[in-house]
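*Asks:* Mind docking chain B on chain A? Use the hints.
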Amino acid sequence: MKFFLQLMLIALLAYLLEFLLPWYSLAIAAFAVSLAVQSKSNFMAGFLGIGLLWFIAAWVIDSNTASGLAERVALILPVQNKILLMLLGAVLAALIGGFAAVAGASLRKEKRKW
Amino acid sequence: MKVFRFTSSLLVTIVLIFLLNNSWLIGGSRIPPLGKFLDPFEGFWQNAESDDSNVFTKLDIPGLKDSVTIEFDSLMIPHIFASNDEDLYLAQGYVTAMHRLWQMEFQTHAAAGRVSEVIGAGPNDRILNFDRSQRRLGMVYGAEQTLGSMNADPLSKMMVEQYSKGINAYIESLTYKTLPFEYKLLDYEPEAWSPLKCALLLKNMSQTLNMSDKDIEMTNALKLFGKDMLDLLYPDNEGVGDPIVDNTGQWKFKPITIDTVPSALPQELINIARKIPGSDPNNGSNNWAVGGSKTATGSPILCGDPHLDLSLPSIWYALQLHAPGINVMGASLPGAPGVIIGFNDSIAWSVTNAQRDLVDWYKIQFTDASKSKYILDGKTLNTKKVVEAYNVRGTEIFYDTVLYTSWGPVTYDESFHNNGHEYYSFRWIAHEKSDEVLAFYKLNRGRNHADYMEALNYFSMPAQNFVFASVSGDIAMRIQGKYPVRRKEEGKFVLDGSKSSSGWQAFIPNEQNVMYKNPARGFVSSANQFPADPTYPYYITGKNFEAYRNRRINQVLQQSQNISVEDMMKLQSDNFNLKASECLPVFLTHLDSTSFTTEELTAYRILKGWDFINNKESLGASYFEAWWTNLMPMIWDEMDDEKYALSRPTSYVTIKLIREKPDLAFFDIRKTPEKETVTDVLRKSFSAGVLRIGEWISDQSKKPGNESLAISHQPVWGAYKDSYMRHLLRIEPLNIHVNAGGNSGIVNAHSQTNGPSWRMVVSLEKSGIKAWGVYPGGQSGNPGSIHYSDMIERWTNGKHFSLSFMKQPSNRNTQMQLTPVSK
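Protein sequence lines correspond, in order, to chains A and B. Count along the first sequence starting at 1, add 1371, and that's the number in the working numbering. Count along the second sequence starting at 1, add 71, and that's the number in the working numbering.
Chain A on its own, in the form it takes in the complex (with noise of 0.2 angstroms):
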């Protein structure tokens, strides 16, 4: 349950930084909800949250336009379709999800000890 609320707690908190940070904000996202919330698995919980949240947000976008721009990106690239390439965007980021989330919530484990 813990990980559940973790991980949208991270997706969320990404999604509303965008608004005002460059991309790299989702670690602080990641960071900041982890060391609040842990779960048994942070890694996972910050992968998700951010691999999630990206890849909807690409396909909504992409669902709402005929122009073909995500095919021509992902010829350019190239990976081989656009699926493939939501799935790039969203791993690369939900890896830095992850690593951030292990190291928020090992701050504060650590802490605790202290």
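Source of the hints: derived by calculation from the structure; they are not laboratory data. Beta carbons: idealized from backbone N, C-alpha and C, even for Gly. Any given hint might turn out to be false.
[Claimed, not checked] Calculated lysine-lysine pairs in the DSSO-like style (CA-CA distance at most 27 angstroms, straight line): (1) LYS1411/A <-> LYS504/B; (2) LYS346/B <-> LYS559/B; (3) LYS570/B <-> LYS1373/A; (4) LYS346/B <-> LYS298/B; (5) LYS294/B <-> LYS455/B; (6) LYS746/B <-> LYS298/B; (7) LYS513/B <-> LYS837/B; (8) LYS442/B <-> LYS455/B; (9) LYS346/B <-> LYS434/B; (10) LYS1453/A <-> LYS774/B; (11) LYS773/B <-> LYS1453/A; (12) LYS570/B <-> LYS434/B; (13) LYS248/B <-> LYS1453/A; (14) LYS742/B <-> LYS732/B; (15) LYS641/B <-> LYS559/B.
[Said to hold, decoys possible] Per the computed footprint, the stretches of chain B lying under chain A, defined by three or more beta-carbons under 8 angstroms from a beta-carbon of chain A, are: (16) 85-93; (17) 800-810.
[Stated by the list, open to error] To list a few chain A residues with every Cβ distance to chain B over 12 angstroms, as calculated: (18) MET1372; (19) LYS1373; (20) PHE1374; (21) PHE1375; (22) MET1379.
*Replies:* Relative to the frame of chain A, chain B by itself:
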């Protein structure tokens, strides 16, 4: 343990962010900063425009006097309604930048030799060499001259300044999220716009159209082949078809004469092998106007289609400009204020390129190897050294020293493409002062023929054939530009730079340019052919004059009566291949059908039954074009010299020689031991063409996705030609391929990457002007918008869009309101 976990995961996070927030060169290609770029909230995904983005917006724009209403129609064409000229041009700048900022900046970077700043030196320094060639041609120098003239006139100064302000207002509003796609892809940012960039853009057009250069090639040909052969291979006037203006015996003015002695014809070989490419000979155009006596409505119809590189974002940006004293619509060039080709309530106009020689090379006598001094009229003068710096992306600054004499830049030297010890200064019309912006200010507001004439007096370059028609019933043609007065043969070869008498001593006065009004035949037309009849008193030379489109257009117009708008649209997409109709029957008689392979026999039968129409379904067109593209290099293999630049004669001359001079030594193929005749060379190129088609067929079946389909790949012309609109960055996924007919030399001049870049038809009816237009692209430069390419399909099928020429905002479409910033 926890400390370790904390530090290590924090470190990994930071390293990942660093890696993904920066752009990297991997295996020579630049990878965008993946984290930043793929971020759905700010990265490239934000450039994917939602299909229903029709919302009313209101924006505060600094520098506006009053509010401006911009209405976008269904094609995203802006109709700008302002209450004064200043606001009008500011709004034009703003809205053009909104759709085309990246393109505008990239094109001016290209003009100024600054592309390597954005994309690096390129493989084998290809991009850096492009930049160097631009500066060595004096592009920036020319733009500064133009800027000086624009600033000297209060109207043109106002136009470029307001236009720049509008662009800058847009640039200042940008964040990473709203940055155009290409900036994100290449990871850089736009810089501030300035009037100099408007001038650079105009120089870019001059380079595209008015830098046809043959002097070095002709000089080499003179030395290698002699004068008689030169005149046979490269006549000044091929004497084919009607000139643009036939005014025989009616040139009633006293021409300027030059009394100094012209320089003697040069006797030298110039060791510059890889010359900077001049204007693409495919850059031509058609335009014509038919008078009321020949139309169904009794009112004139004007048509125009400039042929240019089919690039994306498109060269043209359509718009309407409305303010007190002006209501004009048509095609504008992103980067220049005003409408370049279009119409207003009273008149319409369009342009084709005037193929005149506006380039010269002057041989310089340096006093010693340091090249710091040179001789002119017996005096010793100092060379000017200009150090050009290139901030090549990813490496240190590259410096290049360019020498200037009073003639112009010494383009080729030891460090750049010159393998000899002779030096030449480059003199080009685009180095002259000029103020085209003012010409368009006046033309956009013109009410009648007299206004058109007055406006064109301000137009110097790129030299164009301006077709004109008015609601009051006039039609006219004027070949306007700034042309040096030349003596016979002058400008065809390199010139002696040690005597100022070799220079341009006078320009043809505007009123003595080639022009006429309401000719008896009832129409005017131009298609880049030779401009005037032989009684025109000035010597005319050019790299090439068109021989086919012009005759086809005149033939159709001559025969037609009761012409409708639909007839004119049909003529714009006419695919009749006049060249093939004249040469193919002759070629076929040279073939001995007993020696054919099966494929050759099929090809022969197809060609024999072909109707000479280059439709997309045509098989004959593919076989003919494949034959032709193999024939030309085989005949003119002598011109592919690695040491000395030479040029091939034109198609028309080649065909004439095939008919009339079958024994010409050039028909021999140099690399084969036997001596070929015209029959041999036709036979060999026919086989090569058939082989090429065979290869194409087998390539098609190997393409991914095609092998499983049991379809036979017919080499129909549209598929074989495989034409496409090419993104300026030449990145294949951003290009758009189309299946279409036409080719160069055909009225529908659509070759693989070049063709009608804007087709316009205007019916100048007294009850109100009606107009149609289309271009191969779309209003938006954003590959993430449906308006990036939404006109391509109709354009490909030879259909036009009706242009809505509005009197006031209709409130039916998407609107944008620009309002002054309240202080």
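*Asks:* Which numbered hints does this structure break?
*Replies:* Violated hints (numbers, rising): 1, 3, 5, 15; every other hint is consistent with the structure.
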